[in-house]
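Asker: So the sequence lines, in the order shown, correspond to chains Y and H. Take 935 as the starting number for the first sequence in my numbering and just add one per residue. Take 935 as the starting number for the second sequence in my numbering and just add one per residue.
It is possible that part of the hints are untrue.
For identical chains, the list gives no copy identity; a pair is met inside one copy or between any two copies.
Pairs of lysine-lysine, BS3-like flavour, derived with a Cα cap of 30 Å [what the hints assert, rightly or not]:
(1) 1110 x 1238
(2) 959 x 1195
(3) 1110 x 959
(4) 1238 x 959
No lab work stands behind these hints, which were simulated from the structure alone. A quick note: this is a predicted structure, and the numbers were derived from the prediction, not measured.
Protein chains: 2
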Amino acid sequence: MQTIHLVLTGLGNLGRRFCEILMEKDAELQRRYGLAFSMVGVADSRGTAYDPTGLNLAEVVRLKRDGHSVRAYSGVGRTDRTTTDLVAEAEADVLLEATPVNLSQGAEPGLTCIRTAMQRRMHVVTPNKGPLVVAYRELRDLALQQGVRFLFDGTVAGGLPALNLGRRELRGAIIKRIEAVPNLVTGYVMDMMTEGLSWDEATARARQEGVLESDPVWDLEGWDAAAKLVILANVVLDMSATLEDVDRTGITGLSVDQLTKARERQQRYRLLARAETRPDGDYVLSVSPVPLAPEHPFGRLGRKQMGVAFTTDIYGTIVAIIDEPNPVPSSATMLRDLLDIYVVER
Amino acid sequence: MQTIHLVLTGLGNLGRRFCEILMEKDAELQRRYGLAFSMVGVADSRGTAYDPTGLNLAEVVRLKRDGHSVRAYSGVGRTDRTTTDLVAEAEADVLLEATPVNLSQGAEPGLTCIRTAMQRRMHVVTPNKGPLVVAYRELRDLALQQGVRFLFDGTVAGGLPALNLGRRELRGAIIKRIEAVPNLVTGYVMDMMTEGLSWDEATARARQEGVLESDPVWDLEGWDAAAKLVILANVVLDMSATLEDVDRTGITGLSVDQLTKARERQQRYRLLARAETRPDGDYVLSVSPVPLAPEHPFGRLGRKQMGVAFTTDIYGTIVAIIDEPNPVPSSATMLRDLLDIYVVER
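Okay, chain Y solo, but in the shape it has when bound:
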């Protein structure tokens, strides 16, 4: 039995649910993979808790569910240490970085957490798009230099292994085109409007259901989809793209009329992220709402579904779709990445 020591920064929806998955699967992971995971440190925006002998995950989950900070964790909760302090000081094998995206603040504190962890020779697993969009190459190179793994399959399309598909299952192929529907909120809002709700009603409903987060512009103007496309482009297509390289149109300009007319033609609108080859071999990146015919791979995507399609030279066209009825799969990507580090392939 190998014991892996973890530090988790960020205890929002993803982080807290990951703790729940780890609790539920503890015995199963020991039995199937011979791996015991011990959470030694956790941090939220208001404090930290660190215990080298392992925290009680049930207690962490209880505190967060009750709206408290982990600084209230009995005995080892701290108010005088920040998220980045924890990463700089904790002894652990892996950093799980799940703080919010925060692109407006230079992707902090995620970026500093990841750099610090790598410098301290910890592997890094993150579903946080921010640091990837801002500094993918720097972080990839730092990981290589430090001899640690850097995995982030959860940054694109929730629980769908979109990046892993592109970067390892399509090895040896030239990818001619990527199409993706990596954002749930926009599909939800457009479907609601197609069913007769106004823009305000549809976005209010999305907010009520917890699909639309605090900053609606991020999702509805297509920034979220663009960020995911940039990650796909840099990781799978080996580009050096930034958000500015994406020709981006959000869904705020769409009218109910456009949506209902599309429905009459059996089409369904989705915010489509695309990387397409130009004649000179470069890729053009775009995000825009597109009416999709039923024959299109994403023409029948439901409200809780995301997808990615790769058109290749030697593997034909491969489409993958996830049905994600709740946020568990997005959290579970951290487990996928963790097991990728520690389960030996043979």
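Place chain H on chain Y using the hints.
Answerer: Relative to the frame of chain Y, chain H by itself:
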């Protein structure tokens, strides 16, 4: 630059096309991965050719395209060595085993080739279902014992990375159900009949187009789909299943009437392979033609499409579909597996 020495047994459609892919991608693979592949030995049913300094792939391809055996390869072609002799004698890093399935003959010569290669500490890559169906656990254990890799992603659903998805992208999950459409011929024949052709006309057309191979029973009675399901079950679900464990119904009993009635209801028949959890936790394996509604993940599969769907506890439901307009993707799975062995993940 690392040079990898290969031996390829079987030069039918898959084997020959693999040689073509390797020729076309030689410079690209050196540039992208620092890997140079040298084919030192090839075998077909009538002879072998072996040159430790590397065979000329263009010459191998030319001979096969012209209907010759590689025993006619200038200088090093042999008529006195068999496929298994070549594997026993050649110095190479990897065996690519692409002889025909031959379950009626104990999966030979593939099974002996694989055993011999592993005993000689060669990695093994194979798209040949036969040895997997007959002896998966034995071969897996032998590979472990010998410290070699054993990869066979091409055995299920052509170029779709169905096995890789199930065994590594879903790590940590409990798989509740697998549904797959892993066979192209049956879909082709059923679609033709739906369009008004009789059984005899539809199968004749499939034969003309090269979709239906010499032994029609293997495909049409569902044995091919059952073999793929057995491999999925053993590799992804850790079962010890055999062909006898699959409740199998082929498409030979289907009437034009059933097919056209399904079409009137907007349904499409596909030969569906399923692994479903029983209340006691075991899986039930079945293969049968099923009319699929448009909402079903495979309800709109085209004639050149195959798919697999995994219903899981923590990754939601993940569906992958390949559009495989020609047999190139199936051959290319050998390249996928090869790169899996030699490209270091980081």
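Asker: Confirm or reject each hint.
Answerer: Quick rundown of the hints versus the structure:
1. Proximity of residue 1110 and residue 1238 under a CA criterion of 30 Å is satisfied in both settings, with 27 Å inside one chain copy and 19 Å between copies.
2. For the identical chains of this complex, residue 959 and residue 1195 are neighbours neither inside a copy (47 Å) nor across copies (46 Å), given an alpha-carbon limit of 30 Å.
3. Taking the shortest Cα distances, residue 1110 and residue 959 sit within 30 Å of each other only across copies (15 Å), while inside one copy they are farther apart (39 Å).
4. In this assembly of identical chains, the alpha carbons of residue 1238 and residue 959 lie at most 30 Å apart only when taken from the same copy (25 Å versus 39 Å across copies).
Violation of the numbered hints given earlier is confined to hint 2; every other hint is satisfied by the structure.
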